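Q: With chain G's structure known, arrange chain V with the ligands on it following the hints.
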Amino acid sequence: MFEKALKGGKLYWSWIAFLCLLILVGLASYSVQWQVGLGITGMSKEVSWGLYIANFTFLVGVAASAVVVALPTYIYNQHKFEKMTTLGEFLAVAAVTMCILFVLVDLGRPMRVLHVILYPSPNSVMFFDFIVLSGYALWNIIIAWYILSSRITNTDISWYVKVIIYLAIPWAISIHTVTAYLYSGLVARGMWMTALLAPRFLASAFAAGPSLLIIAAIIAKRYANFDVGREAIDKVAQIVTFAMIVNLFFLGCELFVVFYSQHPEHLAHWTYLLFGMDGYGKLVPWIWASIGLGIFAVLMMIHPTTRKNEQLLVFACALIFISIWIDKGLGLIVPGYIPSMVHTVVEYWPTMLETFIALGVWGVGLLIFTVLGKMAIGVFQDYPTEEELKEMMEEEKEEEVVEEVVTAPAKEYTCELCGAVFTDLDECCEHAEKEHKIAKASCDIVCFEKG
Amino acid sequence: MISRRKFLVTFGSALAGVILSASQLEKALAAFQSVEKGSSSQWGMIVDLSKCAGLSCQACIDACVREHNIPKIEGKHHIWWITFVKFENAFPEQTHEMLGEFKELPTLILCNHCYHPPCTKVCPTQATWQREDGIVMMDWHRCIGCRYCMAACPYGSRSFNWVDPRQYLAEITNPMFPTRTKGVVEKCIFCYHRIDRGELPACVEACPNDALIFGDLNKFDSEIRKMLGEEYTIVRKPSAGTKPKIYYILPWGEK
Ligand code: SF4
Ligand code: SF4
Chain G
43 MFEKALKGGK LYWSWIAFLC LLILVGLASY SVQWQVGLGI TGMSKEVSWG LYIANFTFLV
103 GVAASAVVVA LPTYIYNQHK FEKMTTLGEF LAVAAVTMCI LFVLVDLGRP MRVLHVILYP
163 SPNSVMFFDF IVLSGYALWN IIIAWYILSS RITNTDISWY VKVIIYLAIP WAISIHTVTA
223 YLYSGLVARG MWMTALLAPR FLASAFAAGP SLLIIAAIIA KRYANFDVGR EAIDKVAQIV
283 TFAMIVNLFF LGCELFVVFY SQHPEHLAHW TYLLFGMDGY GKLVPWIWAS IGLGIFAVLM
343 MIHPTTRKNE QLLVFACALI FISIWIDKGL GLIVPGYIPS MVHTVVEYWP TMLETFIALG
403 VWGVGLLIFT VLGKMAIGVF QDYPTEEELK EMMEEEKEEE VVEEVVTAPA KEYTCELCGA
463 VFTDLDECCE HAEKEHKIAK ASCDIVCFEK G
Chain V
179 MISRRKFLVT FGSALAGVIL SASQLEKALA AFQSVEKGSS SQWGMIVDLS KCAGLSCQAC
239 IDACVREHNI PKIEGKHHIW WITFVKFENA FPEQTHEMLG EFKELPTLIL CNHCYHPPCT
299 KVCPTQATWQ REDGIVMMDW HRCIGCRYCM AACPYGSRSF NWVDPRQYLA EITNPMFPTR
359 TKGVVEKCIF CYHRIDRGEL PACVEACPND ALIFGDLNKF DSEIRKMLGE EYTIVRKPSA
419 GTKPKIYYIL PWGEK
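As you go down the protein sequences, you meet chains G and V in turn.
Under our numbering, the first sequence has 168 at position 126, and the numbering climbs by one with no breaks.
Under our numbering, the second sequence has 384 at position 206, and the numbering climbs by one with no breaks.
Chain G with its partners taken away, still in its complex shape:
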């Protein structure tokens, strides 16, 4: 299967080269962090989680939602959604890999990460998160692999893979719920300690993950001639719309409780985030941009004419993706630490090295997604199902008819010197140059149109 990822055009290889460059820069930056310590980041005693954990949180959502969206439809309507499902599976694999990498680069002593398993601590949510994330990565690799191989051997997927597919759906929801519990169970951080956090995570994830999926699907259609189908895209676009609306609604609920109740522990963080505090307000423009983009994108998605226009759809999806990335990263993890536990404002901003490391991790994820996606596209194109074959044959027939009309009756050229016949003027010229030493530029002396 894998060899399918090794064939590709210029565009494909330059994209791969770009990702490799990102990864290399990331690795170089990480080696500095390895030597010096996490001190090279913008984090501090007061803000002790930053860009890495923010990306981790965001990507857990992407991983979870890409699958939940695609799998159920797959179970009910195998062939129509097969392509979208496989893309979703691979997106999930890439996202989970990024999650794990982001946790690893965030650790002060990464070599000790196995202590989590050696000294299992069932009272720590992080322990459970570790388990569900690794399990999730495994399920998705298995499912995607079996969907592809069943395609190659042209058999139905076996019952145990179906069981795993059913299992993967609640599992996907669990990874994001458990990740939300990571934060919402902390009495120290008023901003996170809200029961709404897990639902909000899920809603935003169901908007961001599928948005990325749609973008990927449309790119695949444009550049790889791989069509997941109008219907699949539209279904997913509807889910994105609903999820984003619910997400904004949840945000509204949160804001109401915080600002109406004026509970100080909750109010302080939100005030800093939305309006700034004590003259500090690095995050203020970002969060408003996030909210603004979110609302604008939802308006675009609600209207069927914009939603059904491919270009506008990609644009809206990109906006949603950006909006939620800001919301999860800068808008959730960082302000949870500001003001600090002794009510001082210490701001956070990622350093250059930190950003490079994060980009490097994204590079790894996108590389995995590209390679796996390329592989899937190859398999789907080489092993079409019977329905697709029929469709393709019909299309071909149509094309033939069109061609007949367009191509004019064939011309013939003869070489005056030896009488050889050619269907093409170029061929005749080449022949003249080779055989009779007549320069190509002046081959019209010998090559004449027949009749």
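By construction, these hints were calculated from the structure, which means they are not laboratory data.
Predicted model only: the values in this text are computed from it and were never measured.
Among these hints, one or two may not hold up.
Beta-carbon label-pair distances, calculated as ranges [what the hints assert, rightly or not]:
{"hint": "1", "chain 1": "G", "residue 1": "334", "chain 2": "V", "residue 2": "350", "range": "51 to 57 angstroms"}
{"hint": "2", "chain 1": "G", "residue 1": "156", "chain 2": "V", "residue 2": "356", "range": "20 to 26 angstroms"}
{"hint": "3", "chain 1": "V", "residue 1": "252", "chain 2": "G", "residue 2": "334", "range": "36 to 42 angstroms"}
Every beta carbon over 12 angstroms from chain V, so not counted as near; a handful from chain G, in silico [unchecked claim]:
{"hint": "4", "residue": "54"}
{"hint": "5", "residue": "64"}
{"hint": "6", "residue": "201"}
{"hint": "7", "residue": "204"}
{"hint": "8", "residue": "219"}
{"hint": "9", "residue": "279"}
{"hint": "10", "residue": "301"}
{"hint": "11", "residue": "303"}
{"hint": "12", "residue": "324"}
{"hint": "13", "residue": "351"}
{"hint": "14", "residue": "404"}
{"hint": "15", "residue": "410"}
{"hint": "16", "residue": "453"}
{"hint": "17", "residue": "492"}
The beta carbon of each residue, even a glycine, is placed where N, CA and C say it ideally should be.
A: Then chain V with the ligands, alone, in the frame of chain G:
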């Protein structure tokens, strides 16, 4: 047909399994709500702000730094086990705009060795845990540096080694106590090594004004218990429900 013997063996082992897992479950559940133990000691401390000399003294802080080889780092990577902050920062819930000089009162803060420490609850490796006697400990060889405990502590009592701390140590003032490496969390460990030898914590011993009173909260006739019964004391952020064991006596109208 299964024989009677086989049945008994199977049944018995299944039963044992259930009982075993039940006891494990109980253990796991107990971890969620560390109960106050009646039998052993429970160490606690009173910070008497009416006696504390404030910023001009710093004897306790110096003693702590020397005892535990704490690096002196300026800026956002700073590390402290015990330090001064303004009253309004230590007790935000007990402050209001009209409060005058009191706001500025230098207030000692350190790990509260809470009865219900959220920090130990969240640690994925049990690198920080609570001893029988209530001291919240740190294992610097096990800590993976995930900083989850820092997110969980409502008092900001934990510091992280963002860089190698040894480069900030002019000298190792106490060779008997380990220096830390980069990438681990550290905090006040109530001088467990001294307590186990029957000594007082370094800060308590160093205080020239008797402003720090250390003792066993489970002993009815200890000095600390008597003071807690007679004087009005407050703790930091009681609303967090962690039940801190560092109690504060305020200088009522004296300052
Ligand atoms: S003060 Fe913080 S670090 Fe100390 S025991 Fe309480 S929660 Fe843990
Ligand atoms: S930083 Fe260390 S002590 Fe704190 S939670 Fe993580 S492993 Fe435990």
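Q: Each hint: holds or not?
A: Outcome of the hint check:
{"no.": "1", "hint": "334/G x 350/V: 51 to 57 angstroms", "in the structure": "55 angstroms, holds"}
{"no.": "2", "hint": "156/G x 356/V: 20 to 26 angstroms", "in the structure": "22 angstroms, holds"}
{"no.": "3", "hint": "252/V x 334/G: 36 to 42 angstroms", "in the structure": "39 angstroms, holds"}
{"no.": "4", "hint": "54", "in the structure": "38 angstroms, holds"}
{"no.": "5", "hint": "64", "in the structure": "25 angstroms, holds"}
{"no.": "6", "hint": "201", "in the structure": "29 angstroms, holds"}
{"no.": "7", "hint": "204", "in the structure": "30 angstroms, holds"}
{"no.": "8", "hint": "219", "in the structure": "17 angstroms, holds"}
{"no.": "9", "hint": "279", "in the structure": "36 angstroms, holds"}
{"no.": "10", "hint": "301", "in the structure": "19 angstroms, holds"}
{"no.": "11", "hint": "303", "in the structure": "14 angstroms, holds"}
{"no.": "12", "hint": "324", "in the structure": "14 angstroms, holds"}
{"no.": "13", "hint": "351", "in the structure": "44 angstroms, holds"}
{"no.": "14", "hint": "404", "in the structure": "21 angstroms, holds"}
{"no.": "15", "hint": "410", "in the structure": "24 angstroms, holds"}
{"no.": "16", "hint": "453", "in the structure": "75 angstroms, holds"}
{"no.": "17", "hint": "492", "in the structure": "82 angstroms, holds"}
Checked against the numbered hints above, the structure violates none of them.
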